[in-house]
Each structure stands twice: as C-alpha cells, then as structure tokens.
Amino acid sequence: MRKILVGLVAVLPLLVNTSFTQSVAAEAVKEAKKSKRVPALRAKVYSQLARAQKLADEGKPTEAIEALDNVSRKKASMNSYEIAMMNNFYAFIYYNQENFKKAIDHFKHVVAEEAIPDSLRLSTLYSLAQLAMMEEDYDLAIDYLNQWMANAGDKVNAKSYVLLSQAYYQKKDYQNALKPLEKAIAMFKAEGMNVEESWLVLQRAIYFELKQPEKVVEVLVEMVKLFDKPEYWIQLSNMYGELEEEAKQMAIMEVAYQRGFVTKRSDILTLAQLYVFNEVPYKGAELLQKAMQAGTVEENAKNLKFVAQSLVMAREEKKAIPVLAKAASMSDDGNLDVELAQTLMNLQRYKEAIPAVEKGLAKGGLSREGIAYVVLGMSHFNLKNYSESLIAFEQANKYNESKSMAKQWVGYVRRESENQMALARAGFSQ
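Residue numbers (mature numbering (1 follows the signal peptide of the UniProt record, and there is no 0)): -25 to -1, 1 to 405.
These aren't lab readings, by the way, just hints derived from the structure by calculation.
Treat the hints with caution; some may be incorrect.
[As the list claims (entries may be wrong)] Derived CB-CB ranges, DEER-like:
{"#": "1", "residue 1": "Ser47", "residue 2": "Lys200", "range": "53 to 59 Å"}
{"#": "2", "residue 1": "Phe202", "residue 2": "Lys77", "range": "36 to 42 Å"}
{"#": "3", "residue 1": "Glu184", "residue 2": "Glu206", "range": "16 to 22 Å"}
{"#": "4", "residue 1": "Lys359", "residue 2": "Glu221", "range": "42 to 48 Å"}
{"#": "5", "residue 1": "Arg390", "residue 2": "Phe252", "range": "41 to 47 Å"}
{"#": "6", "residue 1": "Ser22", "residue 2": "Lys200", "range": "51 to 57 Å"}
{"#": "7", "residue 1": "Glu111", "residue 2": "Ser304", "range": "21 to 27 Å"}
{"#": "8", "residue 1": "Lys200", "residue 2": "Glu38", "range": "51 to 57 Å"}
{"#": "9", "residue 1": "Lys77", "residue 2": "Gly128", "range": "28 to 34 Å"}
{"#": "10", "residue 1": "Lys204", "residue 2": "Lys134", "range": "41 to 47 Å"}
{"#": "11", "residue 1": "Arg290", "residue 2": "Lys326", "range": "21 to 27 Å"}
{"#": "12", "residue 1": "Asp80", "residue 2": "Glu206", "range": "37 to 43 Å"}
[Said to hold, decoys possible] Listed below are the simulated DSS-like cross-link pairs for lysine-lysine, each with C-alpha atoms no more than 30 Å apart in a straight line:
{"#": "13", "residue 1": "Lys158", "residue 2": "Lys77"}
{"#": "14", "residue 1": "Lys258", "residue 2": "Lys164"}
{"#": "15", "residue 1": "Lys146", "residue 2": "Lys164"}
{"#": "16", "residue 1": "Lys158", "residue 2": "Lys147"}
{"#": "17", "residue 1": "Lys239", "residue 2": "Lys164"}
{"#": "18", "residue 1": "Lys49", "residue 2": "Lys134"}
{"#": "19", "residue 1": "Lys280", "residue 2": "Lys293"}
{"#": "20", "residue 1": "Lys280", "residue 2": "Lys223"}
{"#": "21", "residue 1": "Lys373", "residue 2": "Lys326"}
{"#": "22", "residue 1": "Lys49", "residue 2": "Lys77"}
{"#": "23", "residue 1": "Lys83", "residue 2": "Lys49"}
{"#": "24", "residue 1": "Lys49", "residue 2": "Lys76"}
{"#": "25", "residue 1": "Lys200", "residue 2": "Lys239"}
{"#": "26", "residue 1": "Lys83", "residue 2": "Lys164"}
{"#": "27", "residue 1": "Lys19", "residue 2": "Lys49"}
{"#": "28", "residue 1": "Lys29", "residue 2": "Lys77"}
{"#": "29", "residue 1": "Lys147", "residue 2": "Lys200"}
{"#": "30", "residue 1": "Lys265", "residue 2": "Lys301"}
{"#": "31", "residue 1": "Lys223", "residue 2": "Lys277"}
{"#": "32", "residue 1": "Lys190", "residue 2": "Lys204"}
Here the structure is a predicted model, which is why all the values come from computation and not from measurement.
Just so you know, even glycine gets a beta-carbon here, dropped at the ideal spot from N, CA and C.
All chains should be modelled from the sequences, with the hints used to inform the complete structure.
Written out as structure tokens, the structure is:
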C-alpha cells in the first residue's frame, strides 16, 4: 500500500524538509503581518524547538522527543502558535520513526489550534491526508483532502487530485475516484506535459472496475505509446479480446511477439490460438513448435496435438504426421492414435493407418470408438481387404455416432466384394 502511494505523490514534503526550523521564524513574521490573530513564536520557544530539530537531524530521535517533552511541560505558558509548532515537531520525529499513528495524533493537535498561520494549517491538513492514506483510513484521508482543497486556492494541483482519486479507489468508490483523476490528467495535458505512468495505471484500473472496456483500451493505447512496456502491449491485446475484436487482439500480440515482449507460456499459447482463430493456422503451429524447442512451452501431448491440428488446418498433413505420432506416444488413451490414423488415411497411406487405429482401439478410452472402426473399415476397404473391412463396419454399426455411416458402408463393401468375385470368376482381375 505505501509503495503505491509513493508512486502517486511525494509523501509528506513538509516533514522531510530538514531545513524546516530555519523557515519557522520567517513564516511567523510573514503570517503575523497578514493577520493580527496569529501570535508570535517567541525566541525562547523557538530555540528549544530548534534544539529538538537538531537532535532529530543528528539521528537522535529519543533525545529529540525528550527535548520536546521538556517544552510540553511548559505548555500552559505557551500561545496557540507555539503549541502548534511543538506538535508539528513531534509529528516530524514520529513520522521519521514510521510511527504514523502518533504522527497523525500530533498533527491533529496542530490543526486543533485556532490561532496559527494559514500556511501551517494547510500543509498540516495535507500531511494528515497523506498519513491517513498510509494508515488505510480512506474516509479520513478524503475528509482532510476536501478541507485542504476548500482553502488551498491555487495550491490545489494535479497531484492532490490524484491522491483524492486514490483514496476513493481504495474505498471501491470508483465513480468518485474517476472525477478527480480525470481533472488531474486534464491539468497536465493542458500544460503540454506527459501524464505520469502511475496515474494512467490508476485510470485503467478504475475504468476496468467500472466495466468500461472501451475506455480501458483507450488508456492502454496511450500507455503503449508513452511507456512501451511489454505488459501494456499484452494487456492491450487481452482487452481487444474482451471486446471480441480478435483481429486487433492478434495484431497487437503479434507485434509484441516480434519485439520480444511475448515470453510467458500463457501468452505464447494465446497467440498461437489467435493465429488459428484468425485463419492463419500455420503461424500458430510454427510459433508453438519454436516455443517447445526453446523450452518455453512444455512438449506434451496436448501441445503437440494443437500443432498437428493446426498443420492439418493449414493443409500440411504430411508435416502433421510425425507430430501426431509423437503426441499419440505420450497419450494414455487412444484418441490421438485414431486421429493419426485418420490423417494417414486422408493421405492414402492405408497400410500405416491400420496399425495406428488398431493401437488406438487397444489403448481404449476413446471418445468416439465407432468412428475408429469406420477409419479401420475404410482403410481395409481401400486395400481391398473386404472381409476385414466388413468386420470393422459391423463393429461401427454398434455405436450411435457411426451407425448410419456403417450401414451404408456395409452395403457398399458387400456389393464391391461381390463384384470383385464375379470379375475373378469371369477371368478378370483388378
């Protein structure tokens, strides 16, 4: 959480200013001229506060707090401004010790005093807002930011709007988170400045939560142009997928791949699938083969099957055969053996198809066993093994998925067998 905040805004600029004590006296004089109600910071009190500051700067926080405790014991004789400045120093020290709860407590005492300079009140309100964010008290952060913005005038800047947006985002109030962020971005763009990366990350997240994918795409396009990071290219491609714009999804992912941004297994598989979906299956097969050779993607039955099927779709059946054979050898069931047999049969390699389909039947676990018998029957038929063909088709006739086809083939094989026998008796042979 704290890392996120640091990325969005500079945390507590007032507190980290080590020359703060030198500015205290000047600020007191300046504010006293503006308003009679602000009492002076007396030299005696100033020197005691300066001593505490010096100890803190020397890395002696315990001694610094003890020095402030000595000042606090005389609180009854101190004016509002002096009490406020004492608490401001306490807050500074506790902040540096990362004791944010105590820092918040002392800052609250600062703004509780009425007769203090406006600049001190404003800077303290802003620091309180930032600390509340760090403590994940988002309602309190929003309250302090709104108080600050109501009185800060032209000091309200883009970064303060981003902090307000972040507070609403953490509350899951995404609609209210969007308004100040868009204002901050508009302010930067009006000045001709590039928007900070973390702001666009936040804007993208808000649009995503608001279920506005078109807006997410707009932000990601800008992020790709400005920052050119691999993850933004991948995210943009995925968002085009969400919008069912698969051609754009593939184009963006392909450019990312060519630039060396696609390195994760899941992204490589996605791109391969996109190639197939967009009717360029050969690229899908080629991509996955290279990834398996490089060891980026595991060479297993599932991935080999994808490569083989992609090659078949690309009408590269011959190249698919060795891939299917390897996939089948890795599979416990016979489905890939049957698929191999079908591909061999389509290439008229019937003698090779028969042992492949028989191996598949022997392995078992087939999703469509009837079709396996059809492949076996057709392969035998084309080798004129009519008896074996009939046996296979009669087996196929027992399954719903192949019953109709098997009946037709049984009749056809019998007629063809009888014709061949008649020709043989007549002294003709083929």
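Hints versus structure:
no.: 1; hint: Ser47 / Lys200: 53 to 59 Å; verdict: 55 Å, holds
no.: 2; hint: Phe202 / Lys77: 36 to 42 Å; verdict: 39 Å, holds
no.: 3; hint: Glu184 / Glu206: 16 to 22 Å; verdict: 19 Å, holds
no.: 4; hint: Lys359 / Glu221: 42 to 48 Å; verdict: 47 Å, holds
no.: 5; hint: Arg390 / Phe252: 41 to 47 Å; verdict: 43 Å, holds
no.: 6; hint: Ser22 / Lys200: 51 to 57 Å; verdict: 56 Å, holds
no.: 7; hint: Glu111 / Ser304: 21 to 27 Å; verdict: 56 Å, violated
no.: 8; hint: Lys200 / Glu38: 51 to 57 Å; verdict: 53 Å, holds
no.: 9; hint: Lys77 / Gly128: 28 to 34 Å; verdict: 31 Å, holds
no.: 10; hint: Lys204 / Lys134: 41 to 47 Å; verdict: 22 Å, violated
no.: 11; hint: Arg290 / Lys326: 21 to 27 Å; verdict: 23 Å, holds
no.: 12; hint: Asp80 / Glu206: 37 to 43 Å; verdict: 40 Å, holds
no.: 13; hint: Lys158 / Lys77; verdict: 33 Å, violated
no.: 14; hint: Lys258 / Lys164; verdict: 41 Å, violated
no.: 15; hint: Lys146 / Lys164; verdict: 27 Å, holds
no.: 16; hint: Lys158 / Lys147; verdict: 19 Å, holds
no.: 17; hint: Lys239 / Lys164; verdict: 35 Å, violated
no.: 18; hint: Lys49 / Lys134; verdict: 39 Å, violated
no.: 19; hint: Lys280 / Lys293; verdict: 14 Å, holds
no.: 20; hint: Lys280 / Lys223; verdict: 26 Å, holds
no.: 21; hint: Lys373 / Lys326; verdict: 25 Å, holds
no.: 22; hint: Lys49 / Lys77; verdict: 21 Å, holds
no.: 23; hint: Lys83 / Lys49; verdict: 20 Å, holds
no.: 24; hint: Lys49 / Lys76; verdict: 24 Å, holds
no.: 25; hint: Lys200 / Lys239; verdict: 22 Å, holds
no.: 26; hint: Lys83 / Lys164; verdict: 36 Å, violated
no.: 27; hint: Lys19 / Lys49; verdict: 12 Å, holds
no.: 28; hint: Lys29 / Lys77; verdict: 20 Å, holds
no.: 29; hint: Lys147 / Lys200; verdict: 29 Å, holds
no.: 30; hint: Lys265 / Lys301; verdict: 16 Å, holds
no.: 31; hint: Lys223 / Lys277; verdict: 27 Å, holds
no.: 32; hint: Lys190 / Lys204; verdict: 19 Å, holds
Violated hints, in rising order: 7, 10, 13, 14, 17, 18, 26; the structure is consistent with all others.
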